[in-house]
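**Student:** Respectively, the protein sequence lines represent chains U and C. Here the first sequence stands for residues 26 to 636, where the numbers follow this note's numbering. Here the second sequence stands for residues 119 to 469, where the numbers follow this note's numbering.
Mixed in with the good hints there might be a few duds.
Some, not all, of what chain C presents toward chain U, calculated at C-beta under 7 Å [said to hold, decoys possible]: (1) G200; (2) N202; (3) L298; (4) V380; (5) V381; (6) V383; (7) L396; (8) A452; (9) N465.
Reference listing, derived: stretches of chain U covered by chain C, where coverage requires no fewer than 3 residues with Cβ under 8 Å from a Cβ of chain C [said to hold, decoys possible]: (10) 76-84; (11) 230-244; (12) 582-594.
By construction, these hints were calculated from the structure, which means they are not laboratory data. The structure presented is a predicted model; accordingly, all values stated were derived computationally and were not measured. Where a beta carbon is used, it is the ideal one built from N, C-alpha and C, also for glycine.
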Amino acid sequence: MPLAAVNDFVIRFANVNGSGSASANEMFARAIMRMGVPVAPRNVFPSNIQGLPTWYEIRVTEAGHLGARGGTDLMVAMNPQTFAADVQSIEPDGYLVYDSTRAIPPGSLRADINVIGLPLTAMCNAEYSDPRQRQLFKNIICVGALSALLDMDFAELEKLIGEQYQGKDKLIAPNVHALHLGRDHALKNFACPIGLRLKRSDKVGNRILLEGNAAAALGAVYGGATVCAWYPITPSSSLAEGFARYCKRFRHDPDTGAARYAIVQAEDEIASIGMVIGAAWNGARAFTATSGPGISLMQEFLGFAYFAEIPAVVFDVQRAGPSTGMPTRTQQCDLINTAYASHGDTKHVLLLPEDPAEAFDFGAAAFDVADRLQTPVFVMLDLDIGMNHRLCRPLAWDDNRRYDRGKVLSAEDLEKARDFGRYMDVDGDAIGYRTYPGTHPAKGSFFTRGTSHDARARYSEAGATYVEGMQRLLRKLETAKNILPPPLRINAPAATRYGVIYYGSTAPAMTEASEILGRAGHSLDLMRVRAFPFHQDVANFIADHDAVFVVEQNRDAQLRSLIVNELNIDPVRLVPILHYDGTSITARFISGAIGGWLDTLKVTPLRKAVS
Amino acid sequence: MTYLAKPKFHHPSLPKNAIGFTRRDYEASTSTLCAGCGHDSISAAIIEACFELAIEPHRVAKISGIGCSSKTPDYFLGASHGFNSVHGRMPSVLTGANLANRDLIYLGVSGDGDSASIGLGQFAHSMRRGVNMTYIVENNGVYGLTKGQFSATADRGSKSKKGVVNTDNAIDLVAMALQLGASFVARSFSGDKGQLVPIIKAAIEHGGAALIDVISPCIAFNNHPGSTKSLDYVRAHNEAVNRLDVLLGREPITVDYAPGEVVSVTQHDGSVLRLRKLNDDYDPRDRLAAMDFLQQQAAEGQIVTGLLFIDPDAEDLHANLNTVRAPLNQLGDAALCPGSAALDKINASLR
Ligand SMILES: Cc1ncc(C[n+]2csc(CCOP(=O)(O)OP(=O)(O)O)c2C)c(N)n1
Ligand code: SF4
Ligand SMILES: [Mg+2]
Numbered sequence: 026m027p028l029a030a031v032n033d034f035v036i037r038f039a040n041v042n043g044s045g046s047a048s049a050n051e052m053f054a055r056a057i058m059r060m061g062v063p064v065a066p067r068n069v070f071p072s073n074i075q076g077l078p079t080w081y082e083i084r085v086t087e088a089g090h091l092g093a094r095g096g097t098d099l100m101v102a103m104n105p106q107t108f109a110a111d112v113q114s115i116e117p118d119g120y121l122v123y124d125s126t127r128a129i130p131p132g133s134l135r136a137d138i139n140v141i142g143l144p145l146t147a148m149c150n151a152e153y154s155d156p157r158q159r160q161l162f163k164n165i166i167c168v169g170a171l172s173a174l175l176d177m178d179f180a181e182l183e184k185l186i187g188e189q190y191q192g193k194d195k196l197i198a199p200n201v202h203a204l205h206l207g208r209d210h211a212l213k214n215f216a217c218p219i220g221l222r223l224k225r226s227d228k229v230g231n232r233i234l235l236e237g238n239a240a241a242a243l244g245a246v247y248g249g250a251t252v253c254a255w256y257p258i259t260p261s262s263s264l265a266e267g268f269a270r271y272c273k274r275f276r277h278d279p280d281t282g283a284a285r286y287a288i289v290q291a292e293d294e295i296a297s298i299g300m301v302i303g304a305a306w307n308g309a310r311a312f313t314a315t316s317g318p319g320i321s322l323m324q325e326f327l328g329f330a331y332f333a334e335i336p337a338v339v340f341d342v343q344r345a346g347p348s349t350g351m352p353t354r355t356q357q358c359d360l361i362n363t364a365y366a367s368h369g370d371t372k373h374v375l376l377l378p379e380d381p382a383e384a385f386d387f388g389a390a391a392f393d394v395a396d397r398l399q400t401p402v403f404v405m406l407d408l409d410i411g412m413n414h415r416l417c418r419p420l421a422w423d424d425n426r427r428y429d430r431g432k433v434l435s436a437e438d439l440e441k442a443r444d445f446g447r448y449m450d451v452d453g454d455a456i457g458y459r460t461y462p463g464t465h466p467a468k469g470s471f472f473t474r475g476t477s478h479d480a481r482a483r484y485s486e487a488g489a490t491y492v493e494g495m496q497r498l499l500r501k502l503e504t505a506k507n508i509l510p511p512p513l514r515i516n517a518p519a520a521t522r523y524g525v526i527y528y529g530s531t532a533p534a535m536t537e538a539s540e541i542l543g544r545a546g547h548s549l550d551l552m553r554v555r556a557f558p559f560h561q562d563v564a565n566f567i568a569d570h571d572a573v574f575v576v577e578q579n580r581d582a583q584l585r586s587l588i589v590n591e592l593n594i595d596p597v598r599l600v601p602i603l604h605y606d607g608t609s610i611t612a613r614f615i616s617g618a619i620g621g622w623l624d625t626l627k628v629t630p631l632r633k634a635v636s
Numbered sequence: 119m120t121y122l123a124k125p126k127f128h129h130p131s132l133p134k135n136a137i138g139f140t141r142r143d144y145e146a147s148t149s150t151l152c153a154g155c156g157h158d159s160i161s162a163a164i165i166e167a168c169f170e171l172a173i174e175p176h177r178v179a180k181i182s183g184i185g186c187s188s189k190t191p192d193y194f195l196g197a198s199h200g201f202n203s204v205h206g207r208m209p210s211v212l213t214g215a216n217l218a219n220r221d222l223i224y225l226g227v228s229g230d231g232d233s234a235s236i237g238l239g240q241f242a243h244s245m246r247r248g249v250n251m252t253y254i255v256e257n258n259g260v261y262g263l264t265k266g267q268f269s270a271t272a273d274r275g276s277k278s279k280k281g282v283v284n285t286d287n288a289i290d291l292v293a294m295a296l297q298l299g300a301s302f303v304a305r306s307f308s309g310d311k312g313q314l315v316p317i318i319k320a321a322i323e324h325g326g327a328a329l330i331d332v333i334s335p336c337i338a339f340n341n342h343p344g345s346t347k348s349l350d351y352v353r354a355h356n357e358a359v360n361r362l363d364v365l366l367g368r369e370p371i372t373v374d375y376a377p378g379e380v381v382s383v384t385q386h387d388g389s390v391l392r393l394r395k396l397n398d399d400y401d402p403r404d405r406l407a408a409m410d411f412l413q414q415q416a417a418e419g420q421i422v423t424g425l426l427f428i429d430p431d432a433e434d435l436h437a438n439l440n441t442v443r444a445p446l447n448q449l450g451d452a453a454l455c456p457g458s459a460a461l462d463k464i465n466a467s468l469r
């Protein structure tokens, strides 16, 4: 029996990079979304494989499960180099759509799948003479055919074409024509629709589809960043590029055309963070965007900024390490490298968004937090959030909100102030007052240094002075706990002895996994951690349970280590659930791992009885 | 900021500059460097230059890396904000600071280890970006702070205090700066205040990347026979190509020069540089000729000093980036935040 499902399947496009497939794929995903059916698209783009393969996977999910599912129900195999492997990866009774212009060797197809051959190249060659057009329209024809095979609302595709080529109206008709070519061919040659079908629904609501890097970049624009220094690295480059794009749109003086921002592509990540720190010291909101290797290079400066108390915002779009690792694969592997970045006793503030909407919120808030706490702040994205379109709530901004520039003294403040010492803890929150250079002719200047200093920023190697400063830095992080986004707790309907802690891009898969586990009789309380240092609620949550699973995407259980270390938790209470093969974590994986553990627990008494 | 500097009360006999400040107002903590260290003479020259230019000290940001040389910002301009950063990274911190507020004067202080060894990359990139700054390298050919190892500017064949001969070729920061497009390049000697002070003044008035390579003997570790950065060696091999007077727009020109000997260069800000030629063939407005001349003289073991190159019409990084006139650090919410209506439009385009 061919697979049959409505609004609940996975379709995967196997493409050749640079063949213009990306925009056709995205249009296809958006059209499904416009039908009110949630989609979870993901890019897979290996960095170094022959044939430049890229895959674009769309999970169609009426139930709104936005994590990766695993497996492929319908494969659109357009890359000859990966064809054999792509065919192998189809679920039994699934579907294969391929370009049948050239006959494929007999025996290379499986008997247990349903094969749909579209003569795409032949159709294009018959219709178009320009090679580039042949290539581009091939993708559109394919989408047209799929619309018939899956019973898609064709009007949505036509509308999207109209929007995409708004202003280039000449291109609309030929694209719509190509859509029709594919659709008509499928209707004529196959029994449409196949078992996998789309049906209009109302599960999308007012949600939007965008990439985390674009959202974070927009957050930086809204958060008032004026200086960006960066060095290209996948998967973070599109964040800096997004900032440039949005600044072009929103940050030019309408009269003079001059820029209210400065972006420097630095010579490396050391220079990037140096510029950020220099700019922030001088009163501008500044950030850099990077990935693990960049964080490694920034270490010395990050310790400096911690010790000299300079705000800086760093977006870390994590990818699989160590070293170059798997540069185009996702992981949550920089937690320890950022939390304790640099030599000596350091500890940094991390914000852990789960999706683009939160990447926008935290991206903007990071600048307030950094200014308020006068310390570096990391916004931890990963490739899965950063470089994939994700369905999320609309971005929101309160026009009454004002930037919190923290404790900064103006010239008038200095006139009134009886005393000024850069690192004096006047308010008891362990945060001193700072001044921007050039503020006052006679008052408020100080010397910023990485060497040990007293409350007046004067050089001092007196042990007691040093210890006092280091203790104050610790107290400052206590202040931080109350201004950072608190963890979110979702209790199971019935009381349970088990809990789960997770963060970031694990969220959608975790939510789905808890539903699966719930159906299997394993109920779990959930806690999504959103910042480091940890809020007291995290400790309370662990205290409330016999065992807590810590689900994360790295080998060494970095979040778990941080919890053990910072909250003094007995490691036995925290069960690591680790996914780190570079693919997006799935509900199948999590529910399998946690379910297996809980099942073992359940049978233990039985084994005892036998022995 | 429209703050007017208030003259302080000092002994009436102390000379005052145009804004009523005495030299004392440009001083700071007492130096902790070795007595006789060349770096202290450079600090004194910076104080003198700022005094003569009548700069309000708080309008200067002094930024350095790590080294004996980089410690010196603690010893001049006590009323300025200072930033003693990490080893070799002064240029990036200064670049960022400059982007945040284009209205301050940026004084970068570094050493030869700081700029030519660990920080060569940042040195080079700040030059090619044209950051508006005065970048002073206090060049002693050794790592003073870590006790006398060779730095990358030590000449091949020169001898360390322990008798080791340097076999690596030297990096010439002046040659590099010229190649990289710096618009003001000078070399001087800590022992020649008369030459150094006007060069610093001209560099501060300059509107682009200004490098001053100051040979600054390390008394403790590099002042022995066999060193090419010792006081005696530099005195014997110093070949000044010109002498400089800096005339600010408001000052009447009082000095008379014999015709033909003097080149006048007017910078963007109106300051006039009068260069008395000591070498007839040398034209500091010709970058290629300067590079050529310097290479030839270096091959003969001569240390060429003076204002070596100037492009008086230089533009800086802000011009390249077309940033607004107002300092970026003074833009408020209204200028920076696009607001909820714009966000709603973005949301609508993402459905
Ligand atoms: C990352 C790092 N590596 C090494 C050092 C040790 N160190 C301090 S100063 C210095 C050399 C300074 O030489 P230079 O810039 O020529 O300054 P000088 O003391 O000669 O004025 C070194 C290697 C350091 N502070 N940081
Ligand atoms: S060691 Fe050398 S460079 Fe350092 S202070 Fe002493 S003389 Fe100056
Ligand atoms: Mg040195």
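**Student:** Does each hint fit the structure? Answer for all of them.
**Tutor:** Hint check:
1. G200: 4 Å, holds
2. N202: Holds. Min distance 4 Å.
3. L298: 12 Å, violated
4. V380: Check failed: Cβ of V380 (chain C) comes no nearer than 36 Å to chain U, outside 7 Å.
5. V381: 34 Å, violated
6. V383: 29 Å, violated
7. L396: Constraint on L396 (chain C) not satisfied, violated at 37 Å.
8. A452: With Cβ-Cβ at 10 Å, over 7 Å, it is violated.
9. N465: Given a least distance of 4 Å, the restraint on N465 (chain C) holds.
10. 76-84: violated (count 0)
11. 230-244: This one holds; 6 residues, not fewer than the three required, reach chain C with a Cβ under 8 Å.
12. 582-594: violated (count 0)
Violated hints for the displayed structure, listed by number in ascending order: 3, 4, 5, 6, 7, 8, 10, 12.
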